[in-house]
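For the protein sequence lines, the chains are A and B, in the order given. Quick note: to get the numbering used here, add 20 to the position in the first sequence (first position is 1). Quick note: to get the numbering used here, add 1 to the position in the second sequence (first position is 1).
Hints in this document: simulated from the structure, not taken from any laboratory. You may find that some hints are simply not true.
SDA-like mimics (lysine to any residue), calculated; alpha carbons at most 25 Å apart, straight line [stated by the list, open to error]:
hint, chain 1, residue 1, chain 2, residue 2
1, A, K609, A, T525
2, A, K461, A, P546
3, A, K558, A, A490
4, B, K94, A, T525
5, A, K229, B, N48
6, B, K94, A, R244
7, B, K94, A, G496
8, A, K609, B, E114
Just the calculated beta-carbon pair ranges, DEER-fashion [as the list claims (entries may be wrong)]:
hint, chain 1, residue 1, chain 2, residue 2, range
9, B, D38, A, F57, 33 to 43 Å
10, A, A120, B, Q33, 27 to 37 Å
11, A, L596, B, D183, 47 to 57 Å
12, B, D38, A, S572, 44 to 54 Å
13, B, G189, A, L107, 47 to 57 Å
14, B, I6, A, L487, 28 to 38 Å
15, B, I27, A, F57, 35 to 45 Å
16, A, K229, B, Q33, 19 to 29 Å
17, B, S150, A, T237, 35 to 45 Å
Glycine included, each C-beta is placed from N, C-alpha and C at the ideal position.
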Amino acid sequence: MTSNGWFQILVFFGLVLVCAKPLGVYMARVFERERTFADLVFRPIERVIYRLTGIDESHEMRWTEYSVAMLMFSLVSLLATYAIERLQHLLPLNPQHLSAVAPDLAFNTAISFTTNTNWQSYVPETTMSYLTQMLTLSYHNFFSAAVGMALAVALIRGIARRESKTLGNFWVDTTRASLWVLLPTCTIYALLLVSQGVIQNFRPYDQAKLVQSQTVTTMGTDGRPVTGIVATQTIAQGPVASQEAIKMLGTNGGGFFNTNSAHPFENPTPLSNMMEMFSIFLIPGALTVTLGRMTKAPKHGWAVFAAMSILFFLGVFIAYYAESQPNPLLHGIDQHTTTMQAGGNMEGKEVRFGIADSALFATVTTDASCGAVNGMHDSFMPLGGLVPLVNMMLGEVVFGGVGAGLYGMLIFVVLAVFLAGLMVGRTPEYLGKKIEAFDVKMTMLYVLIFPLSILGFTAVALMMPQLGLASLGNGGPHGLSEILYAYTSTTANNGSAFGGLSANTHWYNLSLGAAMLLGRFLMIVPMLAVAGNLAQKKLVPPSPGTFPVHTSLFTVLLVGVILIVGALTFFPALSLGPILEHLLLQAGKSF
Amino acid sequence: MRRHIVTAVLYTVVTTVLFGLAYPLIVTGLAQTMFRDKANGQLLRRNGEIVGSRIIGQSFTAPEYFHSRPSAAGSGYDAANSSGSNYGPTNKKLIDRVAGDVAALRAEHPGAEVPVDLVTASGSGLDPDITPAAAEFQVARVAAQRHLSVDAVRGLVARHTQGRQLGFLGEPRVNVLELNLDLDHASGATK
């Protein structure tokens, strides 16, 4: 670890902190439909959208109607994506003449992008046409994020409103999130990325004549090695920056290229790298301020922000430390940190990012439900790879996905308040609302569906050598980590991977698709039920027995609850995977 | 329910036109106007022919060139098929690959430790850079092969070394393709 590395981490965090308040306040105004400076541009567009779609913007929805609207929109946009993937060979903007996407892969991908997961079982540059990337993948990057924000705002309204039956209008919240927040930010951000070298064009792939031809040995069809000369390099192109911007800002994470933000055309410079990391946390960080403002308890918003920050620093410290260490199984190489090189574990990392920026990126992308990567997590040291895995297992509540992070965290807040109530033997209250049996049941449903999907699917995959284990890219405990990571990433709607797992098989496409659906919709519905139930409650004036939710004691309790729930659930699986691998690595074992 | 399905269909169509078509087209128009070269991938030309992109690495294994890092993209630096090795730290394939590369590199530098980036595959398989340490490790070989002085080659390396961006972001690095093109230029070769 170097002081310059830590300086970058602190600058990153400082930027998130500074922007949280102005953006959070702006978003509160947007969702409360107060006047903002952007109305001049977006209000007319908003009106046109409502007129064309027949949406009544004054209509208020109960939690059930809000859920139905959300589910219908997800279903329709999912089917549209499936159709376009299957028909892409007949559609324009396909200069490489890529064929139709296979049914199981198209199914997996349509779910993946609709649920804000962006798990990718395919190599985009050889699978998806420019049109498919723009019209479906990039589109879902906007709307899965906008839906996430709408849901978070619905929950905040549930907390803030009293004796109300409704939570707002799903269509209006989604439209305002995408128009007022995502669209203008992305337009500027995409151009900043292009200024760093992210490409944005519709060229067919370019052919470059290599400066030095390569001699390449491949396996021929008869199984014998064939030596050939490669004299050209095909350079994939495409409208990358427009997708890159919303991929990061919407915590989606689906790369335009296979290697995501490690690819020089997606993330060319250390500055573009800093922008990309910052844009992951920007909206989730600000939403805590939106929470504080809309519930008229700004200090509570900051207490939640503080809990997130503690967990963030814990993760980045471990990841950065682990990746700075030399791999004891590699000999004859210099893995030290000097002024001439970053040293450490450089397998799967880019020279321009080195160790600090790669470890920070991996932490940030899994704290949030982003899942973009600028280095290969599969090649991280055992404890370096443990951090992203644990971040996702904690429910991605450390700033978290756009919207999803906040409502996930508020579920833990309800749980923390409930536990505090049990400790003093009083009915728990949260911001003046009594937390009762129904709320706790729904909260526990949310908390339990998550590990059930992760551990259940992992166990099934492990028991099937032909379907589950045949896809492994690494042996030993690392193999278990690969499968565990896949189901954790998809259930948590993250989308990053231990990429050694060959996931483009029927089994993985279908089971991972199911995990993504469970992890999004089965968790959203109980969350909206809590929101709806809270909204209709009376306000209870605070008494001496009320547990205050804006103190450092609350922050510590919240962090404790998150860590204990995560540890109790996942420690056994983790100890057989990355923890065992760490011990065996130190003992000099390889697989 | 029925009303919501109709709304969802209309909403998907209308917003797709705006966010899936208009937005990327507007960004493309602006990007092509403001940063044309960057938006098109910073392609490098020699004698009118495209020889690569400034920010996409190429495979260099000949002794007269600075070598780039090992690559797991296709058959190596396949810029239409980016990939890392995805080998875990305890994977025998990783350990064997590194040992093989180390043995080859040590032949030119007996006893010296090889800078780690020179024997590890990058995440993208397209890393355009090596560390200054990895460049320095190769200076003597390249100079001898090209009958150039070590100082002259070191000077070229220095010219293609970028420090941390804004003084603190990322890591110092040497662009291999540009360095090798410049080397060819310096020794008058057009190979």
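Hint by hint, here is what the structure shows:
{"no.": "1", "hint": "A/K609 / A/T525", "result": "violated, 30 Å"}
{"no.": "2", "hint": "A/K461 / A/P546", "result": "holds, 9 Å"}
{"no.": "3", "hint": "A/K558 / A/A490", "result": "violated, 56 Å"}
{"no.": "4", "hint": "B/K94 / A/T525", "result": "holds, 24 Å"}
{"no.": "5", "hint": "A/K229 / B/N48", "result": "holds, 11 Å"}
{"no.": "6", "hint": "B/K94 / A/R244", "result": "holds, 21 Å"}
{"no.": "7", "hint": "B/K94 / A/G496", "result": "holds, 13 Å"}
{"no.": "8", "hint": "A/K609 / B/E114", "result": "holds, 23 Å"}
{"no.": "9", "hint": "B/D38 / A/F57: 33 to 43 Å", "result": "holds, 34 Å"}
{"no.": "10", "hint": "A/A120 / B/Q33: 27 to 37 Å", "result": "holds, 30 Å"}
{"no.": "11", "hint": "A/L596 / B/D183: 47 to 57 Å", "result": "holds, 52 Å"}
{"no.": "12", "hint": "B/D38 / A/S572: 44 to 54 Å", "result": "holds, 52 Å"}
{"no.": "13", "hint": "B/G189 / A/L107: 47 to 57 Å", "result": "holds, 54 Å"}
{"no.": "14", "hint": "B/I6 / A/L487: 28 to 38 Å", "result": "holds, 36 Å"}
{"no.": "15", "hint": "B/I27 / A/F57: 35 to 45 Å", "result": "violated, 21 Å"}
{"no.": "16", "hint": "A/K229 / B/Q33: 19 to 29 Å", "result": "holds, 25 Å"}
{"no.": "17", "hint": "B/S150 / A/T237: 35 to 45 Å", "result": "holds, 36 Å"}
Consistency note: the structure conflicts with the earlier hints numbered 1, 3, 15.
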